[in-house]
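A.B. asks: Residue strings, one per chain:
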Amino acid sequence: MVGPPNIDARSFVAAQDFILSVKTHWTTKLYTQLDQNAPIEEIKQTVDYQFFAWLERHLQRYKYSGRYGIHHFQNQFREEIIENFSDNDLLILDKELNLPDYYTAVDIHQHPGGLWSDDIAGTVYERGARSTTPLGAATHQDLHHRLTTIATSQYKPDKILDMACGFGKSTQPFYNAFPDANVIGIDLSAPCLKLAAYVAKQNQVKNVNYHQANAEKTPFKNEEFNLITSTMLLHELPPESIKAVFAEAHRVLAPGGKMTHLDFYLVPTKFGRFIHSGHSKRNNEPFMESFIKMDIKQILENQGFKNISIEPFEESDGTLTSDYKPWRFPWTVILAEKAI
Amino acid sequence: MQPTTIPEQQFFDDPALDRVFGVVMALATEVYVLRDRQRAIEKILANQGVIDLETLNAEPSDEERATNQLDRNEFVNHLMENLTGLQASKGLK
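Protein chains in written order, with the working numbering: chain X, 1 to 340; chain G, 1001 to 1093.
Think of the hints as simulated: they come from the structure by calculation, not from any bench.
The C-beta atom is built at its ideal place from N, Cα and C for all residues, glycine as well.
Please note: incorrect hints may appear among the correct ones.
Label-pair distances were calculated between CB atoms; the ranges are [unchecked claim]:
1) D1071/G x R10/X: 25 to 31 Å
2) S21/X x T1055/G: 26 to 32 Å
3) V1020/G x S21/X: 43 to 49 Å
Isolated chain X (complex conformation) (with noise of 0.2 Å):
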């Protein structure tokens, strides 16, 4: 079968480019002209709310599929991409492990055949994360470590777990911050995985590994990290898969260790909640809704977590002030300590 011609790479970068613009525009001109005060309702039947919603759901379409989507553009390097992934001493695959019904179901993020099906899935996926909040695009990375500077404040771990690391961005702070730590980044996708120790591989890190594994349940012993963290993860979760993770991380961890999630949960206000739980619908979540109404920090204390802050997460100067309209995630960052 003739598939689809090659897109060059400027068609591409300035398809790509036009999308994003688009999205700015979204994040801070369409999203502005919601009037956020009226009863949700009537929020659903104006021409602007209509267009954000069409235009949340769309043009993450755009991104990623058809004619100038990232998978068919990664598509034509698809020999290369596989080749590079051979043989990495870094990584651990797990060809029996059982993906959990809900990862396969959806494709997550409208991310075509979702981040496990495909072998170039991994690269897919990185290139779409470059521009996953439009306002912080080229300061992306920046969000990761402050999450490390805040998950590692006065205290030096010397066992880190990165759960869900996804293709690794979300790993590299904590490896290069702490050379001296063992760092292992654990996650369901073999495809993301792949990319993360091909990542570390080309810039020689000597201390992280990448196995595939479920955060539910992990091959790892009682007590062995001092340090779990996990970026965007439990809201892609049920409620009771995050009660699991949670246990799991309690089980691993050693006396006095550490639990950082940066995630969406601290949704206030009624009209937050209402765009939120769209955007779940929209962008092929359908857990972030359910996640959001738990009581995570009833949750942790039933299951022996001390030192539990629940709280807001600047993901970039300024978004938490008074005066910060734009669109944005309701970041939050949920620490906890095991009981010494």
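Use these hints to put chain G onto chain X, whose structure you have.
C.D. replies: Leaving out everything else, chain G in the frame of chain X:
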């Protein structure tokens, strides 16, 4: 990747608007890709001394605009005649 058989989510009161806006945005993307490419070609040609960008970017003379008017009118007519709602050739109602 093959498309799914799952109906797309609907955001406008009329589902036709959902689809036609998709066409509009796809065309807008193509326009921007072409614009980007044209500017790149112009830059390369200018650097090689083949074209003079200053002349290209200058306001066209009245004479040039008049020369282009017929073509412009035809372009506008082709675009706007769709709004008449009338058959172009005699057919069934």
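A.B. asks: None of the hints should be skipped; say for each whether it holds.
C.D. replies: Taking the hints in turn, this is what the structure says about them:
no. : hint                        : in the structure
1   : D1071/G x R10/X: 25 to 31 Å : holds (29 Å)
2   : S21/X x T1055/G: 26 to 32 Å : holds (30 Å)
3   : V1020/G x S21/X: 43 to 49 Å : violated (22 Å)
Hint check: a violation occurs at hint 3 only; the rest are consistent with the structure.
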